[in-house]
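> If you want the building blocks of each chain, they are given just below.
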Amino acid sequence: MSTDLDQRLAATLRAHAGGETDPAPIVERARQRGRRIKIRRRGGVIGAAVAVVSAAALLWQPATAPVPKPDGILAPAATGESGAATRPDLVGADPWTLHFDPGALVAGARHVEWTAGSGIEDVKYWGPAGSGRLLLTRDADRLDSIKQVLSSSAIEFEKHPVNVRIGGRTGTVWSEPNTPAEDLWFVRWQPIDGVWARLETYAMDGADAADLAGRVRFDSARRCTVPFELTELPAGSSITSCSVTLAASSERFSEGTLVVGDGKRWLVVRAERTPVDDEPVVSVDVDGIGNGYTESDGRTVRDGYRRVGDLDDLSEWPD
Amino acid sequence: MTSGVEEDVTFEEYAYARGPALIRLARLLCGDEHRAEDLVQDVLARAYARWGRIARTDRPDLYVRRMLVNAHHSWWRRPTNREATVAEPADTAGAGDTAAELAERDELWRQVRALPAKQRTVIVLRYYEDLDDTTIAEIMNCATGTVRTHAKRGLDALREHQRISTTGVC
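Chains as they are written, first to last, in my numbering: chain F, 91 to 409; chain U, 341 to 510.
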């Protein structure tokens, strides 16, 4: 049933959508740029100089691109924590630690999402130098069950893997006919006994993708941290997963998420910067499939939300 | 096999027919006129580069709108775009609109822009594009229940703002 607010929203949005625009200049510029993208891709398929093309991709940026501040997207080093190479048993077990360092992989990214806990460690990165996602887990079935890929479409894999060597270990690489992007490649390997990794990345070919995978280091760790803390949790519950998105700019914090759970139930607390306010908007999701927390639980957690430190100074965020 | 020339024509047909609607949608997602045009241009360029595949999907327009929504969610995080001077789409007043109605719409628009990105996206797709939750879920690549959750939270926040502004509660 249509309400007064529904009607006013529809009218407000119609009024602010603006009038007709001649699409010709935009379409023409899009065609020109689209042609350059196609040429780059075709050049990539034909060419053999993997490293050269990777370097060219790093150099290519739109004329209006910002000067990147590479370190802005890096989560803090986890001092005193071991990487997966020495403590494979900890992979996915700690919501505050990622037991690898994808530094070389994410270099040049404009923003990076770091996630740890609930059995999975996950890094997604986007930028003019390329986009990708790296997953690390001790559970191979869990890894294969994750169908959400970089193209933002859930796909059914039709993989036809080819064996490759990655950092001295055996792995497989394949591209997917089900993804709209022709150059989205997947690399799956076991960097350490008992630990499985999957890299999804736009790359020239399988060798290029495998080369990128080989740049991930497993001898150090990084920390997931957010500029807030939850001082009140439902009885028997703890924080099971942390996620933070950092940007390569002076405004480092984009979004932070903590998942609260007790093994059977979960709720999600998300703090997000909006285009309007510098102070994050906080939301708590308690409804959805697979959880059983009540709204009262959600309110308790929300009431216990405390902002900590400067939003863009990670040294002031909780350890 | 589609030739390059045929692909161009098909892409152009699509882009000219749907470009203005994409720009209007982008204005509402971004809340910024110039950024919206840059966003649409960026998305159309990438659509052009893979048009052969997009055209073979069941609903190319749904796919491009998904690209637009995803690009927007990434876009606003980029430092230069967040710091850009905002050129808000002006309210296109109708002949019968009173000053009070215009002011009310401006206030509601400000509240919509202050919503978290995903809540704002659901509100725009539902109340401007007039899409059902299933289609919105396809565009946002999430469950229908998640769409409803975003919508409920967005509407609750807007109602709360309305209540406060009506009653004067601070």
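Warning: the hint list may mix true and false statements.
Stated by the list, open to error - A few chain U residues facing chain F, derived, Cβ under 8 Å:
no.: 1; residue: Pro360
no.: 2; residue: Leu402
no.: 3; residue: Ala457
no.: 4; residue: Ala491
no.: 5; residue: Ile504
Hints are computed from structural coordinates only; laboratory data are not their basis.
Since we're looking at a predicted model, the values are computed, not measured.
Beta carbons are placed, not taken as given, at the ideal position from N, Cα and C, and that holds for glycine.
> Holds or violated: the hint that U:Ile504 contacts chain F, with Cβ atoms closer than 8 Å.
violated (14 Å)
> Any CB of chain F closer than 8 Å to the CB of U:Ala457?
Holds - the Cβ of U:Ala457 comes within 8 Å of chain F, reaching about 7 Å at its closest.
> Would you settle whether the hint for U:Pro360 is holds or violated, based on the nearest Cβ-Cβ distance to chain F being less than 8 Å?
holds (5 Å)
> Return the status of the interface hint for U:Ala491: holds when the least beta-carbon distance to chain F is below 8 Å, violated otherwise.
violated (11 Å)
> Identify whether the interface hint at U:Leu402 stands, where standing means a beta carbon of chain F within less than 8 Å of its own.
violated (11 Å)
Of the numbered hints listed earlier, those contradicted by the structure are 2, 4 and 5.
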